[in-house]
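Given the sequences, and given the hints that come with them, work out the whole structure.
Those sequence lines, one after another, are chains A and B.
My numbering numbers the first residue of the first sequence as 1 and each following residue consecutively.
My numbering numbers the first residue of the second sequence as 1 and each following residue consecutively.
It is possible that part of the hints are untrue.
Unchecked claim - 25 Å max Cα-Cα, derived DSS-like pairs, lysine-lysine:
#1 A/Lys24 - B/Lys370
#2 B/Lys128 - B/Lys543
#3 B/Lys302 - A/Lys65
#4 B/Lys750 - B/Lys617
#5 A/Lys194 - A/Lys206
#6 A/Lys65 - B/Lys376
#7 B/Lys128 - A/Lys19
#8 B/Lys370 - A/Lys65
#9 B/Lys128 - B/Lys55
#10 B/Lys302 - A/Lys12
#11 A/Lys182 - A/Lys170
#12 B/Lys219 - B/Lys269
#13 B/Lys221 - A/Lys19
#14 B/Lys370 - A/Lys12
#15 A/Lys130 - A/Lys106
Note that these hints are calculated values from the structure, not bench results.
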Amino acid sequence: MSQDLNTAMVEKYRNDFLKEVEEKVEEGEWVRMCMQCGVCSGSCPLGPYWEHPPQEIFMMIRAGKREEVLSSSSMWMCTSCYNCIVRCPRELPITHIMHGLAHYAKRLGLAPKEQPTMKFAQLFWDNLVKQGRVNELKLGLSLYFMNGFSEGVKTALKMAPVGLGMLKTKRMNPMEMVGGHKVKDLKGFHAMLKKAEEIEAAKIEKQEAEA
Amino acid sequence: MADMKIGAYICKGCGLGERLDTDSLENIASREGKADIARQHDFLCSGDGVAMIRKDIDEEGVDHVVIAACSRRAKTDAFRFEDVACSRVNLREGVVWIRPDTEEARETTQEMAEDYVRMGCAEVRHMKVPHPSNEQPRNRHVLVVGGGVSGMTAALEAAKAGYAATIVEKEDRLGGHAAQLWRRIPTRAPYSDPEVPEIDALIAAVEAHPDITVYLNAKLKKTSGAPGRFYADIETADGVVTESFGSIVQASGFKPYDASQLPEFAYGKTPDVVTQLELERMAREADGGPIQRPSDGKAVGKVVFIQCAGQRSDQEGHLPYCSGYCCNASIKQAMYFKNQNPDIDTVIYYTDLRTPGAGGEDFYRSAQDKEVIFSKAVVKEVTPAEGGGLQVRLHDLILDEEAVTDADLVVLATGMVPNSGVNIEALTKPNVEEEGEGEAEAETEATIEVPVESILNLDYRQGPDVPQLVHGFADSHFICFPYETRRTGIYTTGPVRRPMDIAQAVDDATGAAMKAIQEIENAARGRAAHPRSGDLSFPEFRKEGCTQCKRCTVECPFGAINEDEQRYPVFNESRCRRCGTCMGACPVRVISFENYSVDTVGQQIKAVEVPEESEEKPRILVLACENDAYPALDMAAHNGIAYSAFARVIPVRCLGSVNTIWVTDALNSGYDGVVLMGCRKGEDYQCHFVKGSEMAHYRMSKIFDTLQQLGLETERVITHEVAITDIQRAPGLINEMAETIEKIGLSPLKF
Ligand code: SF4
Ligand code: SF4
Ligand code: SF4
Ligand code: SF4
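Right under this line is the structure:
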């Protein structure tokens, strides 16, 4: 479905990527207001590691570089530290735009497949959805094994002393491995999520219908 | 001079009484300084102290006053005695505050104070009370050259303040370039859309004002005279009329930069590349409807603006500066398209976007909100595309890559070229190098062809227009003294002075009108204009002694001196700024002011006691510019920074007023070193008299021959550029000279 949505969007907006961002990405209507001062890129603690820091992303959007922006790993690098938002002289909600772009890219199926932040986000979500609470033991372990079995074993062995220490001081309960504790009304929680998913799906459907 | 009565008053306040032997100072004032009355007071600047002096003036007939207290820059209100000649002896900032309060320093500190009292008495003896020249009447009539926004505003403002104005405009209508605009950059909140220029309303106001006369299709055939008595021959189709004026506002505006110098942008190759001014005409014709592509009348779908076209570039034929208005103008013009049809693509390529003015930033934001795209890029080339349209090749500076884009229309943000007339400095050499050269120069002057038409046609010996500061703009200092050209009473305003937009020009012209009025009033009172505002003294010269060497005429930074038929200098009091550069230049020393002359300084130099060689107490003469160096030394004193007790500091009006005779006399009478402190000279000068410091440096560079003839080391005379902020450095320079003397030994010329 997401591939189809992407094609639909390409067709709808032709080469007006700025317009597409304005209409489809959360807070996207702010992008045109960037005055290219570079303060956000300079303030971002991760800026130097980004393929395209925020200022550049905004310029690329205006230059119509759709593929490059949406398949970029850049906006996945944002740690939500809010440094940029605090400093932007034009008061752009940069952090939110980064997340908006990441989310939109994922929806369209354009986000880079091996992006670790994206993978972790998925793990986190799947973990959370099960019991309505994050199972830290399982989340930790699945994180170790995120990049394959052998690497997982290696990481697990490396972390074993930390785990034993936590066990000793009762900071970790091994019983969480089986079942684990959950929210009081798990059924209600799942019903809530389902409703949210329906709303979201309806929204996308409407977008596709418009396209 | 026989009936002169000198009163010397010594203050004991501010620690002077404790640090100095004031009885001895009083003694010196009466015995050596020949003061008829010498008194001490505990607080001279108090009401009681001032009353004591006043009483002596009124009842005892004292007409020459020596105030030995604080710096001449302090307590100026208390010690203002305008009816007598007055000399200030700086015992506070000049002596006790720059010397350590120790037993061993006591003797040299006292000697310093005593010398300064001697100097004050010697100075005042040669001073007279300055009297106004009465050379010109109060002429409440301002000549405004140029009838654009700046000129019309200046005329209106002057007229509103009760001074008549006459506008001379070369075109057949008022309004200048502004009248060609469809809309202007907004002047009112929320600064979001272009505004109607309302130039017609301004023109109507000018035409309706009873005190404003307008000459259209007119030129200045000749301008002569001086503030308070300018005469202008105004030439129109109906002949020439001569009118007299008190002062002049030159608002001659700008010429648009010639875009045909930009072949890389295909200007002239296709009608679809236009300048901002040409787009204004297209917008006027469209009047809110779709703007069409000139080549084929197709409605424009995409327009590209190229900022800084031929500007901010050191390429041959380009303007090196930023014209300041064109970013806002492109923003405005992009809105012409967006407001008519939001689907038109408008892209502004800039390297730095500058939106000066109160609403500039809001206007920029408003354009972004309207989806005008701003892109930081250098446009390399515009080429007509096959089958119509244009191709724009550029380097994107953010993404660091080459890119190509299409456009129906390209608009070039070309800049302003000042309309400042003849560059007189290209005509004449800046100074007379050797005697006799003036002669040769006068001859070449006559044969040089004037390439540009003069604006003012000044009948000044120094050339027909006002000197230019930089890039052809006519001003003398953008920051420190705007409007003040180097021709007193002639004020430039608007884009002839520096690039600016309409709103700035209105403010600017209002300021210039105020300046013009101020000068009318000053000239009527015989008072100086900036920077010695209010000064009544002016140069007088003894014709019998003059050798017609022309130095004064050539070196006067303000072109104040003309020449008569016999080639004698003719001083124009109201054109003069009272810097004294002419006095410093005159080789036969026939130029002087009533209260400042070769004698008032020369006699101070002589009054200093030069100890015998065996005493090992050198003497250093410091001639410090009163505008920057002297205040810097005062401030050093406020900060308790000490300097050598062997220095004797004399403030001078400008280093340009220093006559080399002072230096040679000092050396001849046994001084061991001479330090001259003036303002920064050269291109980014800070000299209040523009060329004074430069002239002084030049003259001093020639003094080495004299030193060699005297058998003295060249290190004994040094010239420094000192800024008012050099609070640490200025005293340091004096100490450096003291060290130099220690190294090379005392002067052999002591007796
Ligand atoms: S700080 Fe704000 S205005 Fe500056 S480049 Fe970043 S987003 Fe643009
Ligand atoms: S919020 Fe994100 S984009 Fe902004 S500075 Fe922090 S990490 Fe960088
Ligand atoms: S050199 Fe200075 S003092 Fe002399 S005439 Fe010119 S402006 Fe006046
Ligand atoms: S007044 Fe002095 S400087 Fe001027 S021309 Fe005469 S001699 Fe020369």
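Consistency of the hints with the structure:
no.	hint	verdict
1	A/Lys24 - B/Lys370	18 Å, holds
2	B/Lys128 - B/Lys543	20 Å, holds
3	B/Lys302 - A/Lys65	19 Å, holds
4	B/Lys750 - B/Lys617	11 Å, holds
5	A/Lys194 - A/Lys206	18 Å, holds
6	A/Lys65 - B/Lys376	16 Å, holds
7	B/Lys128 - A/Lys19	80 Å, violated
8	B/Lys370 - A/Lys65	21 Å, holds
9	B/Lys128 - B/Lys55	20 Å, holds
10	B/Lys302 - A/Lys12	20 Å, holds
11	A/Lys182 - A/Lys170	19 Å, holds
12	B/Lys219 - B/Lys269	36 Å, violated
13	B/Lys221 - A/Lys19	61 Å, violated
14	B/Lys370 - A/Lys12	21 Å, holds
15	A/Lys130 - A/Lys106	22 Å, holds
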